[in-house]
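Visitor: Each chain, written out:
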Amino acid sequence: MGYSLAVILDKKRLEGIKGTGLESKVTDMFGGAIQALIMDVPDEPYAKRILAEFPGARIDARNFLEEVPVAFKKAVYEEIRRLKSMGPEVLDAVFEKMAEIKELAAQEQEYLPPPEVD
Amino acid sequence: MEIKIKTPLPHGGRLVDRVVRNPELGKKMAKGCPAYDIKPNLYNGMPVRNVYREIMSICYGFFSPVEGSMTQAEVERVLKERRLLNNWIFPYPLVFDISEEDYKKLGVSVGDRLLLRLKGQPFAVLDIEEIYEIDPQEIATRTFGTPENNPEVVRRAFDTKHPGYVIYLSLNRIVLAGKYTIINEPRLRPPFDRFWYPPAKSREEFKRRGWTTVINHQTRNVPHVGHEALLRNAAFTGDTKPCDGILVNCIVGAKRLGDYPDEAIVEAHEMVNLAGYVKPQRHMVTMLLWDMRYGNPLESLLHGIVRQNMGCTHHMFGRDHAAVGDYYDSYATQILWEKGIPSFGFPAPPNAVEYGLLIRPQNMAEFWYCPHCQEVTYSENCNHLDEIQRFSGSFIRSLLSEGLFPPPVIMRPEVYKVVVKWWKQFGYPFNNRKYLTEREKELEVDLAPMDI
Numbered sequence: 059m060g061y062s063l064a065v066i067l068d069k070k071r072l073e074g075i076k077g078t079g080l081e082s083k084v085t086d087m088f089g090g091a092i093q094a095l096i097m098d099v100p101d102e103p104y105a106k107r108i109l110a111e112f113p114g115a116r117i118d119a120r121n122f123l124e125e126v127p128v129a130f131k132k133a134v135y136e137e138i139r140r141l142k143s144m145g146p147e148v149l150d151a152v153f154e155k156m157a158e159i160k161e162l163a164a165q166e167q168e169y170l171p172p173p174e175v176d
Numbered sequence: 312m313e314i315k316i317k318t319p320l321p322h323g324g325r326l327v328d329r330v331v332r333n334p335e336l337g338k339k340m341a342k343g344c345p346a347y348d349i350k351p352n353l354y355n356g357m358p359v360r361n362v363y364r365e366i367m368s369i370c371y372g373f374f375s376p377v378e379g380s381m382t383q384a385e386v387e388r389v390l391k392e393r394r395l396l397n398n399w400i401f402p403y404p405l406v407f408d409i410s411e412e413d414y415k416k417l418g419v420s421v422g423d424r425l426l427l428r429l430k431g432q433p434f435a436v437l438d439i440e441e442i443y444e445i446d447p448q449e450i451a452t453r454t455f456g457t458p459e460n461n462p463e464v465v466r467r468a469f470d471t472k473h474p475g476y477v478i479y480l481s482l483n484r485i486v487l488a489g490k491y492t493i494i495n496e497p498r499l500r501p502p503f504d505r506f507w508y509p510p511a512k513s514r515e516e517f518k519r520r521g522w523t524t525v526i527n528h529q530t531r532n533v534p535h536v537g538h539e540a541l542l543r544n545a546a547f548t549g550d551t552k553p554c555d556g557i558l559v560n561c562i563v564g565a566k567r568l569g570d571y572p573d574e575a576i577v578e579a580h581e582m583v584n585l586a587g588y589v590k591p592q593r594h595m596v597t598m599l600l601w602d603m604r605y606g607n608p609l610e611s612l613l614h615g616i617v618r619q620n621m622g623c624t625h626h627m628f629g630r631d632h633a634a635v636g637d638y639y640d641s642y643a644t645q646i647l648w649e650k651g652i653p654s655f656g657f658p659a660p661p662n663a664v665e666y667g668l669l670i671r672p673q674n675m676a677e678f679w680y681c682p683h684c685q686e687v688t689y690s691e692n693c694n695h696l697d698e699i700q701r702f703s704g705s706f707i708r709s710l711l712s713e714g715l716f717p718p719p720v721i722m723r724p725e726v727y728k729v730v731v732k733w734w735k736q737f738g739y740p741f742n743n744r745k746y747l748t749e750r751e752k753e754l755e756v757d758l759a760p761m762d763i
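If you read the sequences in order, they're chains A and B.
The numbering used here numbers the first residue of the first sequence as 59 and each following residue consecutively.
The numbering used here numbers the first residue of the second sequence as 312 and each following residue consecutively.
Keep in mind that the hints were calculated from the coordinates and are not lab data.
There's no promise every hint is true.
[Said to hold, decoys possible] Below are the SDA-like pairs computed for lysine to any residue, each with C-alpha atoms no more than 20 Å apart in a straight line: (1) B/735 x A/169; (2) B/472 x A/118; (3) A/106 x A/150; (4) B/735 x A/171; (5) A/106 x A/70; (6) B/735 x A/173; (7) A/70 x B/718; (8) B/391 x B/663; (9) A/106 x B/472; (10) B/518 x B/507; (11) A/132 x A/89; (12) B/735 x A/174.
[Claimed, not checked] Derived DEER-like restraints, expressed as beta-carbon distance ranges: (13) B/728 x A/73: 20 to 28 Å; (14) A/73 x B/460: 51 to 59 Å; (15) A/165 x B/356: 17 to 25 Å; (16) A/93 x B/728: 21 to 29 Å; (17) A/68 x B/568: 36 to 44 Å; (18) A/82 x B/653: 50 to 58 Å; (19) A/93 x B/325: 55 to 63 Å.
Just so it is clear, CB atoms sit at the ideal spot from N, CA and C, and this is done for glycine as well.
The following block holds chain A by itself, in its conformation from the complex (with noise of 0.2 Å):
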């Protein structure tokens, strides 16, 4: 069974991805008021795997894989940029720097920093 991972794109991600052929697989979601890259996630070996790695991340009701530190998303995005690519090769790219990314996740459930709102 598999899942889906939502990488939400601003504007700088947006931007980001100008160029590399993904601006055709960006998805509206909520009537485009939200604008996202959705990867399908296998459930063998990357959710089993991402579920162990943080066990702060769970499945919701639409079968999205959420509550994944910020970090990895970050990193998803990054090697989703970088190669182009929406494919299992993203996530394999991304284990390779679990180590780093759960230091960062392990900071991250310390302290977020607030937006600046009006």
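Following the hints, position chain B against chain A.
Guide: Then chain B, alone, in the frame of chain A:
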């Protein structure tokens, strides 16, 4: 045929009130008693429950007709039939547990009165009627059910990933049973103080507002637009007209890592009316002190009891009500309120059995966003199944963590700003270890010094 619906009697017929409001009388009651400092139950070093919240909810009548820590026979009956010894239905065992070491130190026996201190001050007394030993593992398993014994709704065995299950696992083995009495009335700290409406007070407030039909919205969350659609649409039920009032009753207590801080939850719900999405005249935000068990159908039973005691005529129940993970059927609560769950002692719904509830269920399916309809719509109406987008609390939490302003179609901007207000205060938007640990030191109340 009676068309108009009236305010229901409390569960058990009368509201429990075990609060001594005269401090001199309180001192007198506690004089010469051995004293015990209440401490939280820990699991893997994390606080998962504080019995003080149960004492508050019992003594102020939220859990009427329960009056104290249950005897062994009562725990057994609750686990077997979900009924108290006086026959009224009740879902969970509630006990005052202490370690064997503390028990030996205290040297108390049946007939003694124990003074319970909170934050170093006298808080309540427990009149000991019975002392017995429990097996926390057994209580935990029997409390929530198993796929073998409760095949109608339990889908898989409970384990230590379930936050309610670990509450029961964390219990100490010795139980002191007996009635509680609060002798030094705590003061709720801001922001909780303005949401504190014990049942007698909420009933008075309903009367003052001229509300007869009131529907309750249960929450442990900051509201997204899907929650708001649920509460607004469910409130169209009533009698000859939609419900007069919508009562939001927020669960305040130890919760799991990753949930929102309680301060943000209560204020975010209040913001729904302050920002005018539901008129404040029709919407009232309150709280319940309770370390949530996440028991889906069983939790809904407790919710029915609490909200009937508060004076509500209706209770809305959605999919995965008070659930975490996939331990129960997604519609387990609705199954209970539609036809009952025989293996949990309900051959019929809780309001169709003797000594049952008077509150009416309003079982709702789902609200989702449909780009075709261009609105948040009810799943039983909208048929654009290939286009719809489901709300997901987990997705919204991920969005927030990344520092993105959620679009108004998902979360009201005013509500988001409340989240950010508390994010700035705690340095984190959700419950992390630091928040949960600090929180258990400060609690939601302060107590005035009392010399005994």
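Visitor: Each hint needs a verdict: does it hold in this structure or not?
Guide: Hints, verified against the model:
1. B/735 x A/169: holds (10 Å)
2. B/472 x A/118: holds (15 Å)
3. A/106 x A/150: With a Cα-Cα distance of about 13 Å, the restraint between residue 106 of chain A and residue 150 of chain A holds, given a limit of 20 Å.
4. B/735 x A/171: Given pair residue 735 of chain B, residue 171 of chain A holds - Cα atoms ~8 Å apart, limit 20 Å.
5. A/106 x A/70: Between residue 106 of chain A and residue 70 of chain A the Cα gap is close to 30 Å, so the pair fails against 20 Å, i.e. violated.
6. B/735 x A/173: Distance ~9 Å between residue 735 of chain B and residue 173 of chain A Cα, so the pair holds.
7. A/70 x B/718: holds (17 Å)
8. B/391 x B/663: holds (19 Å)
9. A/106 x B/472: holds (16 Å)
10. B/518 x B/507: holds (17 Å)
11. A/132 x A/89: Violated, at about 24 Å.
12. B/735 x A/174: Holds - the C-alpha atoms of residue 174 of chain A and residue 735 of chain B are around 10 Å apart, at most 20 Å.
13. B/728 x A/73: 20 to 28 Å: Given a distance of about 27 Å, which is inside 20 to 28 Å, the answer is holds.
14. A/73 x B/460: 51 to 59 Å: At 57 Å between Cβs, range holds.
15. A/165 x B/356: 17 to 25 Å: holds (20 Å)
16. A/93 x B/728: 21 to 29 Å: holds (23 Å)
17. A/68 x B/568: 36 to 44 Å: Roughly 26 Å apart at Cβ, these two residues miss the hinted range, so it is violated.
18. A/82 x B/653: 50 to 58 Å: With a Cβ separation near 54 Å, residue 82 of chain A and residue 653 of chain B satisfy 50 to 58 Å, so the hint holds.
19. A/93 x B/325: 55 to 63 Å: holds (57 Å)
The earlier numbered hints that this structure contradicts are 5, 11 and 17.
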